[in-house]
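**Student:** Residues per chain, in single letters:
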Amino acid sequence: MTCLIMLASGIHFVLLVSRQGKVRLTKWYSPYAQKERSKVIRELSGVILNRGPKLCNFVEWRGYKVVYKRYASLYFCMCIDQEDNELEVLEIIHHYVEILDRYFGSVCELDLIFNFHKAYYILDELLIAGELQESSKKTVARIISAQDQLVEVAKEEASSISNIIAQATK
Amino acid sequence: MNPFSSGTRLSDMIRAIRASKTAAEERAVVRKECAAIRASINENDQDYRHRDLAKLMFIHMLGYPTHFGQMECLKLIASPGFPEKRIGYLGLMLLLDERQEVLMLVTNSLKQDLNHTNQYIVGLALCALGNICSAEMARDLAPEVERLLQFRDPNIRKKAALCAIRIIRKVPDLSENFINPGAALLKEKHHGVLITGVHLCTEICNVSSEALEYFRKKCTEGLVKTLRDIANSPYSPEYDVAGIMDPFLHIRLLRLLRVLGQGDADASDCMNDILAQVASKTESNKNAGNAILYECVQTIMSIEENGGLRVLAINILGKFLSNRDNNIRYVALNMLMRALTVDSQAVQRHRATILECVKDSDASIQKRALELIYLLVNENNVKPLAKELIEYLEVSEQDFKGDLAAKICSIVEKFAPEKIWYIDQMLKVLSEAGTYVKEDVWHALIVVITNAPHLHGYTVRALYRALHTSCEQETLVRVAIWCIGEYADLLVNNSGMLDLEDPITVTESDAVDVIEIAIKHHTSDVTTKAMALIALLKISSRFPSCSERVKSIIGQNKGSFVLELQQRSMEFSSVIQKHQNIRSTLLERMPVLDEATFSGRRAGSLPPSVSNSGKSSLSIPNGVAKAAAAPLVDLLDLSSDDTPASTSSGDNFLQDLLGVDITQPSARPGMQPSQAGADILLDLLSIGTPSPVQNGSTNGDLLSMQDSNDPIASMDTIASTSPTAPSSMMDLLDGFSPTPPKNEDKGPAYPSIVAFESSSLKIEFNFTKQPGNPQTTDIVANFTNLSPNVYTDFLFQAAVPKFLQLHLDPASSNSLPANGSIKQTMRVTNSQQGKKPIVMRMRVGYKINGKDVLEEGQINNFPRGL
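These protein sequences, in sequence, are chains C and E.
In this text, residue positions in the first sequence follow full-length UniProt numbering: the first is 1, and each later residue adds one.
In this text, residue positions in the second sequence follow full-length UniProt numbering: the first is 1, and each later residue adds one.
Source of the hints: derived by calculation from the structure; they are not laboratory data.
Just so you know, not all the hints are guaranteed correct.
Unchecked claim - In the BS3-like style, the derived pairs of lysine-lysine whose C-alpha atoms are separated by at most 27 Å in a straight line are:
hint, chain 1, residue 1, chain 2, residue 2
1, E, Lys401, C, Lys54
2, E, Lys835, C, Lys54
3, C, Lys118, E, Lys75
4, E, Lys170, C, Lys27
5, E, Lys387, E, Lys367
6, C, Lys138, E, Lys187
7, C, Lys54, E, Lys319
Claimed, not checked - If you want the ones that stay clear, here's a sample from chain E, every Cβ over 12 Å from chain C, calculated:
hint, residue
8, Ala35
9, Ile121
10, Gln150
11, Asp266
12, Arg351
13, Gly457
14, Leu498
15, Ile753
16, Ala811
Said to hold, decoys possible - Per label pair, the in silico range of CB-to-CB distance:
hint, chain 1, residue 1, chain 2, residue 2, range
17, E, Ser322, C, Leu110, 38 to 44 Å
18, C, Leu49, E, Ala39, 37 to 43 Å
19, C, Ala141, E, Ala78, 36 to 42 Å
20, C, Arg42, E, Gly845, 55 to 61 Å
21, E, His67, C, Ala141, 34 to 40 Å
22, E, Gly308, C, Pro53, 38 to 44 Å
23, C, Pro53, E, Asn232, 34 to 40 Å
24, C, Leu110, E, Thr469, 56 to 62 Å
25, E, Asp525, C, Arg42, 39 to 45 Å
26, C, Leu49, E, Asn380, 41 to 47 Å
27, E, Ala24, C, Gln149, 40 to 46 Å
28, C, Arg19, E, Thr469, 53 to 59 Å
Virtual Cβ for every residue (Gly too), placed ideally from N, Cα, C.
Go ahead and model the full structure; you've got the sequences and the hints to work with.
**Tutor:** Below you can see the structure in the form of structure tokens.
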């Protein structure tokens with residue numbers, strides 16, 4: 001067994017921070033202890049929120065690179081290795097934002113606050129182990145809606161069962 | 001039902017948290033919610049479990065502790081319904097990380113769900129496994145994942161492929177199991193499966209060379225075809241990004257081709273055409289296109305040489321570099337760095353543009369460009385580049401100055417064509433960014449200065465001038481103080497003036513002024529102040545007229561709270577006041593610092609990149625070796641007469657042996673006065689000396705004693721030859737200690753010392769004293785080669801002051817094998833034994849691969865009483 005090329009190990013974590021520095025979503029693909037996570041978030045949001053508007057979308061940080069892009073009031077950040085393709089990660093971020101936009105219908109920060117779990121579900125259909133799993137927005141949308149459907153059905157069943165029980169015990 | 005848990009819905013809680021105006025208010029809301037959730041957990045309330053977990057996740061994101069909810073995730077995962085499992089797995093991934101033991105408990109549920117009939121539940125389990133799998137889980141669940149790579153629904157296959165990647169990263173040995181199913185995925189049409197399949201194969205190739213060979217043979221052509229199909233496929237809205245068909249798939253394919261092509265000419269050949277097509281046809285006006293081009297350039301640079309393609313790739317980077325988009329310029333710099341190893345000439349052509357990037361307003365670009373420029377510097381362009389960088393140092397942002405200064409120092413050290421240029425550039429850097437310069441850098445500067453005697457005057461005057469404009473730069477102040485202390489006389493009398501210098505008039509008191517300013521300056525730290533004290537002391541000896549003033553400045557630190565300063569102040573004051581007679585000898589100019597020793601030491605303690613530059617500072621051409629020898633001798637009081645006390649070897653050792661005998665009687669009278677206190681034992685022992693000396697007149701006996709090196713054996717010879725001596729000794733000693741024989745044993749036992757140690761050579765001394773002859777010490781020197789090279793023509797030389805006599809035997813060999821050692825015996829006779837310790841100046845010469853190496857040092861750590 002030999003290691004031939006130093007291959008990048010994908011995205012280490014995904015971070016969504018608001019302009020005010022509030023965390024809206026965090027996803028860790030590499031092991032970071034809970035304590036370290038909050039330190040990372042604090043450190044990075046300090047660096048990224050303070051960067052000027054016209055600068056490049058990459059920040060070198062602790063030997064890694066953080067690719068970030070601002071959409072309205074939200075900063076989408078992904079941390080990758082030195083060898084990774086930064087431009088591609090920018091595309092992945094945009095891909096994610098477009099899927100969110102389709103799902104929520106012109107997404108805004110409030111959508112992501114009140115439906116944060118939905119934002120996570122969508123991310124899980126896009127990335128696993130820090131690697132991209134789907135390049136088709138349509139496919140992601142279809143899988144998400146199929147699963148939402150399953151939840152709706154389960155809810156209806158539950159309410160009808162409780163109705164039956166309620167009627168039976170009247 | 002629990003009165004709390006029925007209360008708030010998730011959105012109500014979020015609203016309440018958002019409505020809080022202060023952090024305290026927010027904490028109160030969270031505390032109340034957490035209490036309710038805990039209560040609900042304790043009641044094992046199933047109806048609201050998933051709502052509670054959702055709330056906990058939100059609370060977790062705000063940064064509050066939520067560990068008490070971890071078990072709830074497991075319960076939800078174990079429940080039968082999809083909605084519960086969905087939120088349960090989400091909680092698992094969010095609230096736990098792979099190092100937590102709780103995770104062990106979930107393996108079984110995962111296994112069941114991976115075999116579930118509902119494909120969405122299988123999907124949930126795969127997703128969780130892919131994101132948080134540990135090595136143990138990887139081993140347990142790999143067979144399930146392997147099976148799912150053939151699942152009927154493509155959405156499960158792609159998830160399983162990514163899970164397999166995670167498993168291989170955790171346990172590389174498991175990669176074997178995925179080679180065949182991975183290769184099967186490469187034939188898929190579904191983009192998601194293809195993307196993940198290609199990625200899985202790349203990852204497998206990365207950990208297993210057999211697999212790499214397999215994929216190279218079986219799959220290269222197929223992959224080239226797939227890439228061609230994708231690149232030539234017509235518009236398809238589902239995968240279109242800015243007019244380009246699925247850039248993600250493009251990139252993954254290019255990456256796998258890179259792995260397959262690297263180091264294999266046939267495979268590289270096979271992909272040449274498609275790479276040329278991608279490199280020339282891809283639209284470069286949008287980010288997606290540039291992402292593909294960037295990946296394509298990397299692949300071209302990594303696979304086996306094809307001249308035409310390389311030119312194409314370098315041209316793309318050139319275009320990137322002149323792009324107005326900062327992102328594109330950033331990746332161009334990044335890529336040029338990697339291209340440097342392939343074609344440094346092509347990269348050199350872009351030097352001017354890269355230099356402009358160092359001055360960019362974007363810190364990320366600056367940093368990249370600086371790293372790149374650093375690699376582009378060579379002997380030919382160091383002068384203009386260093387000039388540009390130093391000019392920029394003056395106007396750069398504070399945050400950037402540290403990096404920039406470090407890089408400038410490094411290139412200046414590494415490529416300086418002559419010493420004066422090096423010193424000039426270093427002074428510029430110190431004046432602009434002295435606060436950012438590291439210790440070893442200004443130490444190196446001082447070493448170089450001491451080694452350039454003809455520049456001493458020039459340097460001290462330049463530093464004096466610089467001090468007036470940049471007195472805030474700590475390291476500049478230190479170097480200046482040190483040089484003024486050493487070369488104050490050259491500063492004042494303008495000696496050694498170079499043609500290019502403007503003359504300046506500095507009086508003796510001006511010199512004291514600048515040091516006084518430095519010592520009182522608020523920014524000066526302890527090191528600077530301590531250095532200033534020494535400089536003042538040295539000046540007091542150079543300029544006796546300033547002595548009184550210096551004394552008062554030094555005296556002001558007598559009350560310093562810092563022990564170091566206080567002590568220096570006290571001791572220096574007494575040197576000035578009470579020890580006029582020794583002051584001038586004590587405060588002579590420092591001997592030339594040994595560049596080899598310094599750079600060796602530096603290389604040992606620093607990372608390789610810097611040590612490179614440290615070593616190369618050696619290469620600054622100058623008559624170093626000659627200059628070094630003379631002042632060194634001054635240190636010892638040998639120079640008073642020109643013949644060194646003894647540096648003999650081999651041939652004339654007999655004479656020397658006799659010489660020892662001859663001089664001894666004359667030396668002995670010198671011992672007589674010191675018959676007090678502690679010396680008494682030694683003197684008592686010296687009573688015994690005449691007898692061995694008498695023996696010694698026959699050379700044979702002396703040599704045999706030396707050879708045996710055994711104190712007991714030599715004791716015997718003494719005892720047998722002069723039986724009276726030991727007994728009289730014992731009588732005398734009776735009053736002191738009850739067991740005199742032990743004392744005698746201890747007499748000859750001295751701890752061995754490490755006399756010299758550099759990065760390449762270590763010299764140890766072992767001592768034996770001949771009983772009855774306390775003045776004479778036999779030393780066995782042990783030379784150890786610390787390097788992997790063989791040293792030939794090894795020669796050890798030593799010099800001692802007049803009161804010592806030295807005899808050297810030939811070494812056991814004149815070549816030192818790598819990491820091996822040789823021995824050499826010598827004998828030192830100390831006529832002032834008990835009063836003066838042994839000191840020795842030594843020089844070692846040898847050749848490595850025919851190249852001469854000279855190491856020198858002074859040994860003054862001899863055990864007391866030798």
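**Student:** Hints first: check each against the structure and report whether it holds.
**Tutor:** Hint by hint, here is what the structure shows:
1. This hinted pair checks out: Lys401(E) and Lys54(C) have alpha carbons roughly 22 Å apart, not beyond 27 Å.
2. For the suggested pair Lys835(E) and Lys54(C), the alpha carbons sit about 76 Å apart, so the restraint of at most 27 Å is broken.
3. A threshold of 27 Å between alpha carbons decides the hint, and for Lys118(C) with Lys75(E) the separation of about 21 Å falls inside it, so the pair holds.
4. Restraint check for Lys170(E) and Lys27(C): satisfied, since their Cα atoms lie roughly 19 Å apart, inside the 27 Å limit.
5. At roughly 18 Å between alpha-carbon atoms, Lys387(E) and Lys367(E) fall within 27 Å of each other, so this suggested pair holds.
6. For the hint pairing Lys138(C) with Lys187(E), the CA-to-CA distance comes to about 22 Å; that is within 27 Å, so the pair holds.
7. For the suggested pair Lys54(C) and Lys319(E), the alpha carbons sit about 20 Å apart, so the restraint of at most 27 Å is met.
8. A cut-off of 12 Å between C-beta atoms confirms that Ala35(E) is not in contact with chain C; the least separation is 21 Å.
9. A beta-carbon of chain C comes within 12 Å of the beta-carbon of Ile121(E); the shortest separation is about 9 Å.
10. At roughly 17 Å, the least C-beta separation between Gln150(E) and chain C is larger than 12 Å, which holds for a residue marked as non-interface.
11. Residue-level check passed: Asp266(E) sits 17 Å from the nearest beta carbon of chain C, beyond 12 Å.
12. Listed as outside the interface, Arg351(E) is consistent with that label: its C-beta sits roughly 21 Å from the nearest C-beta of chain C, beyond the 12 Å cut-off.
13. No beta-carbon of chain C is positioned within 12 Å of the beta-carbon of Gly457(E); the least distance is around 45 Å.
14. Separation of Leu498(E) from chain C is adequate, the least Cβ-Cβ distance of about 44 Å exceeding the 12 Å criterion.
15. With a least CB separation of 43 Å from chain C, Ile753(E) remains clear of the 12 Å interface cut-off, as annotated.
16. At roughly 45 Å, the least C-beta separation between Ala811(E) and chain C is larger than 12 Å, which holds for a residue marked as non-interface.
17. About 42 Å separates the C-beta atoms of Ser322(E) and Leu110(C), a value consistent with the hinted range of 38 to 44 Å.
18. The given range of 37 to 43 Å is respected by Leu49(C) and Ala39(E), whose C-beta atoms sit roughly 38 Å from each other.
19. A C-beta distance of roughly 30 Å is found between Ala141(C) and Ala78(E), which places it outside the suggested range of 36 to 42 Å.
20. For the hinted restraint 55 to 61 Å between Arg42(C) and Gly845(E), the CB-CB distance of approximately 59 Å keeps it satisfied.
21. The given range of 34 to 40 Å is respected by His67(E) and Ala141(C), whose C-beta atoms sit roughly 35 Å from each other.
22. Between Gly308(E) and Pro53(C), the C-beta spacing of about 41 Å keeps the proposed range 38 to 44 Å intact.
23. Our hint of 34 to 40 Å for Pro53(C) and Asn232(E) holds, since their Cβ atoms are close to 39 Å apart.
24. Take Leu110(C) and Thr469(E): their Cβ atoms lie about 57 Å apart, and the range 56 to 62 Å holds.
25. Range check, Asp525(E) to Arg42(C): about 31 Å between beta-carbon atoms, so the 39 to 45 Å window is missed.
26. Checked against the given bound of 41 to 47 Å, the beta carbons of Leu49(C) and Asn380(E), roughly 44 Å apart, stay inside it.
27. Distance hint check for Ala24(E) and Gln149(C): the Cβ-Cβ separation is about 43 Å, which falls inside the suggested range of 40 to 46 Å.
28. About 44 Å separates the C-beta atoms of Arg19(C) and Thr469(E), a value inconsistent with the hinted range of 53 to 59 Å.
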